[in-house]
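With the hints as a guide, bring the two chains together.
Chains as they are written, first to last, in the working numbering: chain A, 1 to 69; chain B, 1 to 455.
Quick caveat, the hints were computed from the structure, so don't treat them as lab data.
Not the full set, but computed from the structure, chain B residues with beta-carbon under 7 Å of chain A:
hint, residue
1, Phe-64
2, Pro-98
3, Leu-107
4, Gly-108
5, Gly-141
6, Met-430
7, Gly-431
Just so you know, these numbers come straight off a predicted model, no measurement behind them. Glycine is no exception: its CB is placed at the ideal position from the N, C-alpha and C atoms.
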Amino acid sequence: MTTWAVDLANVGAVYPWIGYELIMVLVAVALWILWHVLQLRHENEELAEDIRLYGDKESIRKALDEHPH
Amino acid sequence: MGDQLSALTTVFTEFYYWVTVVLMFLIHIGFCMYEVGASRRRNHIHTLMKNTMLIPLVTITFFFFGWWIYWALPNGPWLFEGKGLILDGATGATQFGPASEKMGTNLGDRLTGVFWAAFLLFSWTVASIVSGSLIERVRSGAFWIIAVMIGSVTWIIDAAWGWHFDGWMVKLLGYHDAYASGVIHAIGGGTALGVLIVLGPRLGRFAADGTPRDFVPHNPWLVTIGLFLIYTGFWGFYAACNVPIISPATIAGQITGETWTATTIYLTPTTLSAITVNFIMSLSGGLLVGYLVSKGNPFWTYSGGLAGIITASAGNDLYHPIQALVIGGIGIYVAYKLHYWVERRFKIDDAVGAVAVHGYAGFLGVVITGFMLWGYPSSPFEGYAAINPLGNFIGAIIMFFVLGFVPGYAMAKFLNSFGLLRVPRQVELMGLDFRTLHDEQQAREDVRNFEKALA
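Chain B with its partners taken away, still in its complex shape (with noise of 0.2 Å):
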């Protein structure tokens, strides 16, 4: 800050990752309007509640040991190189633990507590993504631990080994995932389908032949006023995944010249004028395709337009826009067909088909870009692996599988084990709500009988 231009980039900076925040704040408002409006009606505050809390939790714990998380394993699992964990140098992990003076107020540092942020609203939504599918059965306290586990724990670590400019799956594999397509959708959509599996479908979903029923939404315009806030979230999610600006000296790596650029989170060069123009046709590309694959429904239909980003989404820095037309049109049909192929197969009774529209999309988006952008490279510094389809396939099966599915598993049977995971029988007939419902029913009797004693 010694100079005006160093000031004004570094306050630039500061004031886009916070619009960014601001931006991104809408998904989460975006996601409970969804929820609670696919909800039925005696579970719309229980399902409400659930969501809500997530915030609070998610980011004291990403506070305490996310960010930590971050910058000390992108050495991945084996410790790549023997370097093990990154602790100090110029990103190491200590200077962003929970003790570090730079994580308060510090007049020495003005971008850490914005970036800080803005990981933090990818954590609340990749937790906000599991969350939709456990409606009306789950107990809030155990959805919350699960919460904890994906917003400050694995997600991050999936940050940390391919979202990072060092991090081992894009040195070692070629890893490219620009604007999160698995690091955050692949392993959120992997997680709720690894815990769905023990939680089981709701009371009644499926009939004794095996025949979903439709459990018909209380409020559609809630579902489609809660979609249309995630999608203008979903823009300042693409541009928080951006650093806005850096000069080549400060990348440090093969560019040259003096040329100043945006960049994706590998400090690969692109710009926000792209990246909303593929964000755009991408989501057009999910819309159409959604609306005539499920025939005008509209539920499909917007989900449709978040999948068709979600799959693009990994190679939208780099794409031309039809490109990111076409593959969002692709990721809509995949993530349906497979919604319904598995629900009947397996009777996996996904509420809002987050599993499809961000798990199977996601993994889907991954996959192609390592087609479509094979040989590119994947960072600015020398000795990493070009972008490439294995690479990226293997990405994927990490992202979903191994980073996502097995530990929702593995933590909601431990949850079960201790018959946290779901409610009682009983409760979840007359409804999550019923006490508080009938509560207030006779609250509203009583001050009614009291008035008419008055007249």
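Pulled out of the complex, with its shape left as it was, chain A reads as follows (with noise of 0.2 Å):
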């Protein structure tokens, strides 16, 4: 938009970028979808290093007699 100067009854979309539409979703399907991957990728390497530190016997009892509830 230039101007306000205008008879708002004939005016409709007044965001930036009109007509790119389009391309604006693929890329936020696109990275919605790359969110899942790295999320995913993140907790897989979370929980393996979870079992590694603390994923023995002794670990996992002491760890339930520090947060029992």
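Listed below in structure tokens is the structure:
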């Protein structure tokens, strides 16, 4: 928009980049899928690290004593 | 918006839905508090984040394709009347797709955004129903994929079919479910049950002889406030299910005269006043019977109130308040008894009773409505089947099993086949928050030791 000297009855969409909606959507969809990929990878690493550091019987028993509820 | 009346009607409707959206946000806060309160302390951060992050994920996917599905699929699985996908015309899906100009700031359309947001909050709710039942052992990443499935795909398909003025289930079956006993609650409970069967119970939940052990909520007060907040948000949910003001000429159906009215999602007349009374009466019926059947157990008393509303919701646009009261009471009685029978018989560990409170009560509510409103018109338009017991029974099956249980079970199986569904045994035992709590404890000790050295 370059001016508000208009009859609002004749105004529709006013956001920037009108005409590029599909491209914006495609980029956003790609980012959404990437988010899941990164999250699952991160979660796998976290769980593996938890087991590596504290997954032995003694550590688990100690954890249960420290946080029983 | 060319004259004052149409401007006031439009802006009132816009503001009306906006208020419902804000109120419905309380449902999500309530679910979070409830789940965190019901979990054990060593799992509460994981539990909170699991439910919180469904908000952005369901939101963006509902924007990408959920809203489009609602407007494209009312013709149903076999493309009712051969019309196929509804893409064009006044209610065609193309204009509600993510690339449509109506979805952005648009001075020519003041209602699509708030209407979208109201539906989105329903989407959060249905995903949140599943969330609670899986706590303390499901992987967050798996849950979020399930949340997108139900929040932006399966529930909105059922809404297109049975919660749309043009839906094939309404036309062909006379399906009636005004405040979503089936389209939100039965599908949520059915999906949760499907996932739970694959996920399995929490370690130690059942003794070797099959006797269930009680996993006590770490904070019953958080559970209580959470359920109160869910009740509060439910008011907004009820209001959001209505069209607040519309003229017979706009409906363009069989209603005659000039009297403007509020309507249900099917454009059948009701009043905000009526649904307010019926909401409170069904809540009361659920609380009263929930207290009795559970012998004063607070968890089941509060859940009883919720199940009472859910059971009466399908017909609360038309019921008498006494009917809403009694139906609410029946709902929690059946849900409570079924919950414990299923738990003992099949060793299902539903941590918050979501399958019972939402699934069984929602299913029952749809079935009861078929009998109670038998013969009432399902629509203001000509050619639609009248409300009837068989149509609503088939509808309840579609909601709970076809679009709820089956996709939930299939998705859980798929995720499980990649080892993504459940946290490893060791992590479940030590607690899903163990490393966070451990690191926090170490940080505190570091600071304390440093301060001691300074003293």
